[in-house]
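**Q** Protein chains in written order, with the working numbering: chain G, 1270 to 1610; chain B, 1270 to 1610; chain W, 1270 to 1610; chain S, 1270 to 1610.
Do not take every clue at face value.
Pairs count within a copy or across copies, as identical chains cannot be separated in the list.
[Unchecked claim] With a straight-line Cα cutoff of 16 Å, these simulated EDC-like cross-link-like pairs (lysine to aspartate or glutamate) come out:
#, residue 1, residue 2
1, K1368, E1351
2, K1429, E1515
3, K1368, D1443
4, K1429, D1532
5, K1429, E1382
Quick caveat, the hints were computed from the structure, so don't treat them as lab data.
There are 4 protein chains.
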Amino acid sequence: MANQDLRVGIIGVGMMGADHAERVVHRTAGARLVAVSDPDTARAEALAAGFDGVRTITDPLALIADDEVDAVIIASPGFVHEEQVSACLERGKFALCEKPLTMDAESALRLVEAEARLERPLIQVGFMRRFDPEYAAMKELLDGGELGRTLVVHNVHRNKAVPPSFRSEMIVRDSLVHEVDVCRWLFGEEIDEITVLAPAPTSAAAEGVLDPQVAIFRMAGGGMATTEVFVNCQVGYEVRCEAVAERGNVTIGLGQSVFVRQDGRYGGDVPDDFRSRFGRAYDLELQAWADATRRGEVVGPTAWDGYAASAVCEAGMESLASGRPVTVGLVDRASVVGATR
Amino acid sequence: MANQDLRVGIIGVGMMGADHAERVVHRTAGARLVAVSDPDTARAEALAAGFDGVRTITDPLALIADDEVDAVIIASPGFVHEEQVSACLERGKFALCEKPLTMDAESALRLVEAEARLERPLIQVGFMRRFDPEYAAMKELLDGGELGRTLVVHNVHRNKAVPPSFRSEMIVRDSLVHEVDVCRWLFGEEIDEITVLAPAPTSAAAEGVLDPQVAIFRMAGGGMATTEVFVNCQVGYEVRCEAVAERGNVTIGLGQSVFVRQDGRYGGDVPDDFRSRFGRAYDLELQAWADATRRGEVVGPTAWDGYAASAVCEAGMESLASGRPVTVGLVDRASVVGATR
Amino acid sequence: MANQDLRVGIIGVGMMGADHAERVVHRTAGARLVAVSDPDTARAEALAAGFDGVRTITDPLALIADDEVDAVIIASPGFVHEEQVSACLERGKFALCEKPLTMDAESALRLVEAEARLERPLIQVGFMRRFDPEYAAMKELLDGGELGRTLVVHNVHRNKAVPPSFRSEMIVRDSLVHEVDVCRWLFGEEIDEITVLAPAPTSAAAEGVLDPQVAIFRMAGGGMATTEVFVNCQVGYEVRCEAVAERGNVTIGLGQSVFVRQDGRYGGDVPDDFRSRFGRAYDLELQAWADATRRGEVVGPTAWDGYAASAVCEAGMESLASGRPVTVGLVDRASVVGATR
Amino acid sequence: MANQDLRVGIIGVGMMGADHAERVVHRTAGARLVAVSDPDTARAEALAAGFDGVRTITDPLALIADDEVDAVIIASPGFVHEEQVSACLERGKFALCEKPLTMDAESALRLVEAEARLERPLIQVGFMRRFDPEYAAMKELLDGGELGRTLVVHNVHRNKAVPPSFRSEMIVRDSLVHEVDVCRWLFGEEIDEITVLAPAPTSAAAEGVLDPQVAIFRMAGGGMATTEVFVNCQVGYEVRCEAVAERGNVTIGLGQSVFVRQDGRYGGDVPDDFRSRFGRAYDLELQAWADATRRGEVVGPTAWDGYAASAVCEAGMESLASGRPVTVGLVDRASVVGATR
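Chain G on its own, in the form it takes in the complex (with noise of 0.2 Å):
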């Protein structure tokens, strides 16, 4: 397949689903779209109308069975990703699944098992941020040794507003996800256990949900990470990340680019959303799977790391109900995927 384009069928196409149809027609090299799938579809019609040779099928399995399709990102609903992932499986088509890989950590574990008994892995799952140049520049920095060992990570991730509809453990299942990964992949370790804590609410935030809420991890090597998630901050979309080692320490995020002096202020604009803040990595994320897929590997973040992250946020939910530390109880990795995977 190296030689040829990789022929990339979506499923779903709402705001995630359409922005990787831009990314893979405009954007990746050697990759095509081929088809889309979404059960709006006027939607999918519409989307496929604006590029050339893209086929809409209406069943997401027959998208999914379709010899033309050489493998497939899955930017459906979370809960549909079990079955459609499943079927990526059986089919022995790659698959770029956005998080979460499914509902809860149980169903992520048959997907890894069932992974597991494949020749080879299949699934990447969509945590982008380790292709954010940031991010991937500070996790060699900490790879490289120079720093020694990693003590403590500190995050920061704030949203400027979500819908009323978004509930306290929202915060833990969709936001706080995204540093469980971030802290397993620069740790090199799994989360041993996590504490959800709430302090007073903002006002702006719907009546009965808590938001900021701070977490902390503990690694299985010793190590420590604080994170704050806040939905509701006002200023914009704020990510950042502290690691401190034994010899030095790392932040990125401070995001000083374009630097403006106007109205008796410096400073510069911090952005609106994940897209403008990840849109690059989302692009990089891409063309890394596509190369890797032509290539019949998977070099992003596994099944596996699908599910451990749905372990602990199942288990952050957990101690933002209790208050208290609650400990991950994941499976035996070597004994469900091998030793040598």
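Keeping the supplied structure of chain G fixed, place chains B, W and S upon it in accordance with the hints.
**A** For chains B, W and S alone, coordinates are given in the frame of chain G:
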């Protein structure tokens, strides 16, 4: 007294006391150093000889009692503070007492009670960060109300290295105590509960020393604070603070004044120790203390602040040992110092 | 052509051409590398062997004439540009020509005239800074009008070091030429007058080389620009630009994405060379060129921009020799390319 | 005198003189304000009434002659400086004279000559930037030699707005004069040649006023400096300086101490005027002046510095009128002040 210079005596002329002597003589308007006292008489005499008209008085209580001394700076070791502060209260002498006010919350409370029986307060405790221009600007901004209520505060407090004799509890008592005061002051509330957690320690720490540590404060009004204290960070002296409010956030301590590009790197110096970082804060603290004392007032951190900080740190040391949240049991303030002070 | 991949040929596979080959193959959507040409046949073959389906064509004019080649990237030495660009114009092939367009303003003007006789423009000149996200954001901000008219632009352009063969005039022709284009583009006006001044040279420069240099541009509309070019600055590759407008100013190039504190210093890396600083700009330039070419358009810097830059640099070299302001005598644009282009 | 407070008289209690009065009384150790003088007697009396023990003396020459006055701060309008400084020299009184030293280079030179005939220097000129911690750190770094010889200096000097009465030449004489002193001091060399250029003016400037202006200095040792002065920049008070040396460069004035994120923007305040930006520099200047005066020395900018700055500004105003470089014709320093001073 307002028309005349304030005549100052200093007890203890180690590093801190000697610095204060320089400050009084060379950088404080309206103050005059008249006497110093130190158990190491030679050291006191050497210091006195460097200035004009400064006597040495061997007995610190005699210095406090001396008619020529209007006000006293107590820079002696903590275990003699209670006796010396008591003497100041008895003699009606204003005093600036370096932290800790005393060695434990119980004795600190005795001083609070003794002062409360006087006509007016006399004691200021040396939490100099309140006088740092950056912290002061942050406090002013938060109090201005434009950003709304303060929800969360994040602190980082790192020293380059400490001697091997520095033990785990000292990280709470001697380092974290500054953030205890900062958070009480920024929120304008007491700390209700403290948790001190210890990640796997850096290899740069002495055997058995838990360094770094991560502390969580719950404020009386529901706010929350996180603090990383790391006394062997190898980099330099790093103190940063971010206050997150309902409509915006403020960060200080990023410290980019002189910006150098050299050898493939841009950046600047991280201060070596607290004296370079907070030298200006000490100068401003002393000027403010001298000015207020000449007016017969106390404007900085009070004896109560010294007591409350001790009580929080005691709870913090208990939490460090147990790994669990510990409630801070302060006595009722109004019942001790009255409602009007 | 819009429905199919753009088939690209590259002439010259030295450092720049080889980079472009990588870009076309691995980072450009909708483009395919089909042929390369280089006088060093072995180098061309080695490069072609690294990709699928790329032919080598020894004669660059044959590559241009090849039916399988839709568009050409000219990355050969400047002295063969005139012949190769002419051939593209004759064959009606779109071309992205690395700067300089030709070796002097006179020959560049001949290309402008030749292209003007065609039905549509075909030539884009490789001033890639216009595609750099920071420069692009600055341009957008200035054009948005909120800051008012641009009055003065300050540029800094520094290289770590150049080989001893790099002569004083090359600083004008090969380095300053980028700021010539940037200022023409930001102001949207021609440069009327240029002065190039030489302070006492750095000891790091080769004997007789005037490095650094300071250039002053007077724009046709009365604006002004200062530029420091310093090609042996020892630090790294530093490119900064500040535009001062009537109601505010914008600075780019401060570059603080990954922030490290280590060994008593805070800061980050200064890029080593233009490839790391402007790698992304090159990627975006190629994507935009491929997209526009498939639509039959030219959207980047034009042949006229190449001509005007040459004319300014010629005046600049004259000024460097004389130490005096030199007027830039451009031909009348409308009389050459017409009023509608 | 070293054992006693320096008794200071201030001539001129407009904004600057009143600020200095505050400084002497409340922020300068070892100094005492004893007398003030102002043609507006009511203003002088109102100010004196705000302090203890300050007399008003209507005649400034009487203040200078007064036995109780050890040293004089001259904050009167520039056109009376020559007479008042002369009186100080005659009476052997130390003086801190706000810039300009006098109204032209010729009269300034007469003061230099008069002072040279005395046993020791008495005059310090109020170029306070030398006492600003950032400028001082930059000077120390450059003098340290690690970065090699200084090659080029770039300055930016912007005011929010000036009254309509502010004319083009005042930009040179009252604003640019600070960079004249800064460059002479940083390079440790005289300015040999100055060019002052005027881009098309901002619409915020009064009719006929050339604002902004761009000045080029050629230093005696071959170094060069560029300075943009813009007195109606609308933003705030911006002063930045970058020194480019053979092995690195230093920038000051980026000013990021309190960092706020709010309303989609990150950043901080640009100071409103020179008093907030350089308030600390004035404090340090006065303390250093008081300390040196008590020791019988002059440590800051000298009468010669005042003369040289005037001479450069006169040449600058000539260049502004002609648009051409103008040579600065300083008298031979050694022949006037001797080789040993």
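**Q** Does each hint fit the structure? Answer for all of them.
**A** Going down the list of hints, with the structure as the test:
For the homomeric pair K1368 and E1351, the shortest alpha-carbon distance inside one copy (11 Å) is at most 16 Å, but the shortest distance between copies (53 Å) is not. In the homo-oligomer, the alpha carbons of K1429 and E1515 lie at most 16 Å apart only across protomers (11 Å), although the nearest pairing inside one protomer, at 34 Å, exceeds that limit. In this homomeric assembly, K1368 and D1443 come within 16 Å of each other (Cα to Cα) only inside a single copy, at 8 Å, whereas the closest approach across copies is 44 Å. In this assembly of identical chains, the alpha carbons of K1429 and D1532 lie at most 16 Å apart only when taken from different copies (9 Å versus 23 Å within one copy).
With identical chains, the CA atoms of K1429 and E1382 are never at most 16 Å apart, being 38 Å at best within one copy and 48 Å at best between copies.
Hint 5 alone, counting from the list given before, is not met by this structure.
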